[in-house]
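Visitor: Here's the letter readout for the chains.
Number of protein chains: 2
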Amino acid sequence: MEITVTSGKKITAFPNASLLESLKKAGIYLTSSCGGKGTCGKCKVIVRSGQAVSKSKMKLSKEEIDRGYVLACKTYPSGDLLIDIPKESMLIVEGKVVTGKSKDLLALLNSTGAGLDPLTSRIVIELPPPTLDDNISDLERLRRELLSQGMACLRVPFRFLPDLAKTIREEKWTITLSTIHTEDCEEIIRISSGDKKLPQYGAAIDIGTTTIVVFLVDLVTGKLIDVASTYNSQIRYGDDVITRIVHATEHNKLKELNDAVISDINTLLSVIIKNHHIDIESIDCLVFAGNTTMTHLFLGLDPAAIREEPYIPTANTFPLSFAGELGIGVNPNIPIYAFPCVASYVGGDIVSGILAAQLHKKQELSIFIDIGTNGEIVIGNSEWLVSAACSAGPCFEGSGMKCGMRATEGAIEGVTINRDTLEVDIKVIGEGVRPVGICGSGMIDVIAEMFFAGIIDQKGKLQEVVSGRVRKGEDGLEFVVYSGEGRDLVLTEPDIENIVRAKAAIYAGFSTLLKEVGFTFNDIEKIYIAGGFGKFLDIEKAIMIGMLPELPKDRFTYMGNTSVTGAYLCLLSRDLRTEAEEIAKKMTYLELSVSRSFMDEYMSGLFIPHTNIDAFPGVKKLMER
Amino acid sequence: MEITVTSGKKITAFPNASLLESLKKAGIYLTSSCGGKGTCGKCKVIVRSGQAVSKSKMKLSKEEIDRGYVLACKTYPSGDLLIDIPKESMLIVEGKVVTGKSKDLLALLNSTGAGLDPLTSRIVIELPPPTLDDNISDLERLRRELLSQGMACLRVPFRFLPDLAKTIREEKWTITLSTIHTEDCEEIIRISSGDKKLPQYGAAIDIGTTTIVVFLVDLVTGKLIDVASTYNSQIRYGDDVITRIVHATEHNKLKELNDAVISDINTLLSVIIKNHHIDIESIDCLVFAGNTTMTHLFLGLDPAAIREEPYIPTANTFPLSFAGELGIGVNPNIPIYAFPCVASYVGGDIVSGILAAQLHKKQELSIFIDIGTNGEIVIGNSEWLVSAACSAGPCFEGSGMKCGMRATEGAIEGVTINRDTLEVDIKVIGEGVRPVGICGSGMIDVIAEMFFAGIIDQKGKLQEVVSGRVRKGEDGLEFVVYSGEGRDLVLTEPDIENIVRAKAAIYAGFSTLLKEVGFTFNDIEKIYIAGGFGKFLDIEKAIMIGMLPELPKDRFTYMGNTSVTGAYLCLLSRDLRTEAEEIAKKMTYLELSVSRSFMDEYMSGLFIPHTNIDAFPGVKKLMER
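So the sequences go chain by chain: A and B.
The first sequence begins at 1 in our numbering and counts up by one.
The second sequence begins at 626 in our numbering and counts up by one.
Treat each hint with caution, since some may be false.
Unchecked claim - These stretches of chain A come out as covered by chain B in the derived footprint (C-beta under 8 Å, 3 or more residues):
#, stretch
1, 102-109
2, 138-152
3, 156-167
4, 303-311
5, 602-609
As the list claims (entries may be wrong) - Calculated lysine-lysine pairs in the DSBU-like style (CA-CA distance at most 35 Å, straight line):
#, chain 1, residue 1, chain 2, residue 2
6, B, K791, A, K586
7, B, K1210, A, K166
8, B, K797, A, K585
9, A, K553, A, K253
10, B, K797, A, K172
11, A, K255, B, K880
12, A, K253, B, K791
13, A, K166, B, K1211
14, A, K585, B, K1151
15, B, K1151, B, K1140
16, B, K797, A, K255
17, A, K585, B, K880
18, B, K791, A, K255
19, A, K197, B, K797
20, A, K253, B, K822
21, B, K797, A, K253
22, A, K197, B, K1151
23, A, K59, A, K25
24, B, K1211, A, K172
25, A, K553, A, K223
As the list claims (entries may be wrong) - Among chain B residues calculated to face chain A with C-beta under 7 Å, some are:
#, residue
26, G633
27, I636
28, T637
29, D763
30, L789
Derived by calculation from the structure, the hints in this document are not laboratory data.
Note that this is a predicted model, so its numbers are computed, not measured.
Built from N, CA and C at the ideal position, the CB exists for glycine as well.
Please build the complete structure, drawing on both the sequences and the hints.
Guide: If you want it as structure tokens, here you go:
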């Protein structure tokens, strides 16, 4: 049996294999947060012709079923098939679009003043063969050669001894060492045969609660080779870190969560190296940043105490681990550097973000906010840093939203609604691309635009009488953002409530933290915003809905995914790794959940833009118009 | 089915299990160099009554078969049995006889001036439980506590993180750490629950080509708990290091050799801990010394290049390894310290011997010789050390000799032959014990006594006409040393040739090395002799046969097994480990095999006492009488 994809590719349908599995074997990866259990509804494909048996239609709407949508993980071909894979079902590999991003990253690295000094190095060594007069052991010979080349200290873990004699003789006394600098010594992490200096790659990884992003980086040039991202498969066990910890603790399923994220990263790495015809042995090191819970789950550390007062992680700084210890599908001796965390609810992703924003080096008082599934806020300057966390939920990353998606090709990232005609204008990521979902920035726009067009009220309730685009859906009222071929893209009332709660939490975080450290919004000279919004976030609209404080627009800088950016920086620079460790050490943490002020602020934020409208004079003026 | 041992013990005969296996399951360990293949003939037992099927009688004499001897590994009971286990078949555990040895060892340790500072330490820590105001991570809490107690630096390998949170909470914030001092830092090697400070044991191990000896030592008091020893099961693959390397290299059987020695050590350890009711988790560290080949085979390192010119080992100094890496049956995180080696044919056992003799601290010119399967000689003082090696063969350890055995209970260790009556008087190890074999010192005595009684000539040929004890045996003429119940104990002509070759090699080593460094025997103020001769070695008789040079008797000191003694010292003292490393670094190595002088000396030594009788004026005088 054969499966033809409308893009033109023909693949083999393996017997008794689901469509998802056959596609995977052919190198076509679909998002599949539930791991093929038919529960996440992410691996939708459209059967254009041919016969197939679908064992579950869970998460598919009537409309979708009518149009031929099936879940690839639950569909088994019974003959040749012609299928269409919607963009939102594809696991995202950016491919050729990364050139610009690569230049920006290199420019950022250069701007820090740090040189290119990656986590691991390779050294090719030619050893003088032994003679009766020079008969020191192989290991001493190696050490003598390296010290004579200026290395101060060499550490050789026992595991490299068994094959050493054979390797250097088979390779006629020329071998390549991979080393990592630890504790003022170079430690061998790999011994390869012959001259294997090039190529050398490393991966910078952001492990988000909702999204996982992998950068493959050339360690010699610092160039970004490719970017791949996917939803964190742990989503099947819950949307936020708390439900994941509960799953790990009360159901004793830490291993399940650990396996899920390891398998996601393995998939992303294998897709990139396949696309670029890269030998897996060329990957020399991994650096990752994640919040404290994600870091624990990735490293297989018990997260139970993170959830219970007084909220204690196993560690905030982590010893180096190795791929073989964690089950990462690269050479087992490859080291994995974990970004240091600050506290149970401010993790390595935030340390990474501060490093990317270079906030820790700035004189002026600044705020950094990372809007992910958790919202983390840091205030400070080169002297001090105080952080806090608030739970925003995964809505801005497209998770838990009817037509949500990440900020990748096909996502509606911008929306305008004509105040008079109520006509909707959309902006889609990618050139000439059909919209397939709405990402975080698009959602902020829709809310702001609907509010000023009178389609929702201050509580976010849809006004059915106002617009023909408001209709009854499966989950109550919904607003049709886009209607075309395929399914309509809508924002439902539960979606809107999600966003309103999220923006209320973020604003409450801002204002409570400021109050705690004795400042007001006007003292803040810079606000750095990070998050998975893609290239574009309309600051004004974020202010309009009351998510961001009303300050002059030039004080805001939108930075995208700073967690992976910081991981990229540390992959390439020892100095910046030291800086990251200093940031983590310096940053203090305020627990907002015990603050009554936070709850009050949160409740006030459940209106658009805010109960205290005077905090938003510009928005007030607009509303009065 | 039941097996009754004449000592009184009753054990179960397991179906389809050999006698050897059933005895092992009941905790009765027999020597079995071939691992139960029926080829070494070491696991002999006597069936007194009952029925059993013996599948092989290899290595048993007609006389033995007539007396009911069987190979336990090839014998399968078909009903209840009554058996007798000869002492020579028992794997040796010294049990209660170690008290005196323990005192001597402690006295030696004290005499070096080194304090008791074992390879690993345990620290019990009570952590203050976290609060909202003191909410650092578990790891940081541990580190803070240890640093506040004065520890300078703590290294925590990644593998200890996954269980850390659970362990400290289950144990209500009191845990026990085992640590090892490496690179100016304390590294965690084990985290145990609760207060587990006592007891703590370590093992000091001598891995000889022929014999393996294990000391179990109390790390807190330095007391020797017990000693166990056995033949190195690698013997089944060849008697000397060269045939073992050939087996590992040409037959690609490194793993077989590695498994053999690991299994021997596991057996010895398990026997001791069983006898003393010791929890395996109380064993915290292992230190071993062995020649360079034995060290390689134990660590699983490829020994091929040791055998080929220019004779290169993989390493002479070894990174710490862990029990789990090597398959030692203690806690997998237990560190194993390998004695540093000097060159391919002067290994850690010799460095250990020099440390035990403290030769490296002496002003006077001294010689150290270790007579094992290899004979290694070191000459020097506190300024310099030069070493060389010569192959003696395993005869002095009882291997390859018809009635040979190690110097353990039941061994004939001393022999006198009345020059007039030719009556033989023997001295046996153990009180009131029936002799069961002849150990190295006994063999030297027999040769010397036979020579002066005229029973052998200068070439070592037996003179049938002289003594009624000379008779024809299976291997030609033989001399009956002891005749009693059980089998007769004899020395055959091939046995005598073995000993003559061995003593010739040792003397040639002495004299060639001296010549090379420009000294004569008279310059030597002290000669330290090491080897598995037990408590007793008659220096005069060793001179008589021309094995040792003729010097005043008070210049000789017999030291027993110095390899395991040095291992004991390093198990208990960091200073002495540093000294051992300095000895290895300081010692130079002379390759005698390329010296023509050595061959000439060896040929001259094939006479008793020597072709150059003038080198032995005292012996000459005796001969003239």
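Visitor: Would you mind marking each hint as holding or not holding in the structure?
Guide: Each hint, compared with the structure:
1. 102-109: violated (count 0)
2. 138-152: holds (count 3)
3. 156-167: With 10 residues close enough to chain B, the hint holds.
4. 303-311: Three-residue rule met by the stretch 303-311 of chain A, so holds; n is 5.
5. 602-609: The restraint on the stretch 602-609 of chain A is violated, since only 0 of its residues have a Cβ under 8 Å from chain B and three are required.
6. K791/B <-> K586/A: Roughly 28 Å separates the two Cα atoms, so the pair holds.
7. K1210/B <-> K166/A: Holds, because 25 Å separates the two Cα atoms, which is no more than 35 Å.
8. K797/B <-> K585/A: Holds: K797/B and K585/A sit about 27 Å apart, inside 35 Å.
9. K553/A <-> K253/A: violated (46 Å)
10. K797/B <-> K172/A: Given pair K797/B, K172/A is violated - Cα atoms ~57 Å apart, limit 35 Å.
11. K255/A <-> K880/B: This hinted pair holds, its Cα atoms lying about 33 Å apart.
12. K253/A <-> K791/B: This hinted pair holds, its Cα atoms lying about 15 Å apart.
13. K166/A <-> K1211/B: The hint holds at about 28 Å.
14. K585/A <-> K1151/B: Roughly 61 Å separates the two Cα atoms, so the pair is violated.
15. K1151/B <-> K1140/B: holds (17 Å)
16. K797/B <-> K255/A: Holds. K797/B to K255/A sits at ~25 Å (cutoff 35 Å).
17. K585/A <-> K880/B: Not satisfied, since the Cα-Cα distance of roughly 48 Å exceeds 35 Å.
18. K791/B <-> K255/A: holds (15 Å)
19. K197/A <-> K797/B: With Cα atoms ~51 Å apart, K197/A and K797/B exceed 35 Å; violated.
20. K253/A <-> K822/B: The given pair, whose Cα atoms are some 33 Å apart, holds under the 35 Å limit.
21. K797/B <-> K253/A: holds (24 Å)
22. K197/A <-> K1151/B: violated (55 Å)
23. K59/A <-> K25/A: holds (25 Å)
24. K1211/B <-> K172/A: holds (30 Å)
25. K553/A <-> K223/A: holds (32 Å)
26. G633: This interface hint is violated because 46 Å lies over the 7 Å limit.
27. I636: violated (40 Å)
28. T637: It is violated, given that the least Cβ distance between T637/B and chain A is near 40 Å, above 7 Å.
29. D763: holds (5 Å)
30. L789: holds (5 Å)
Hint compliance for this structure: hints 1, 5, 9, 10, 14, 17, 19, 22, 26, 27, 28 are broken, all remaining hints hold.
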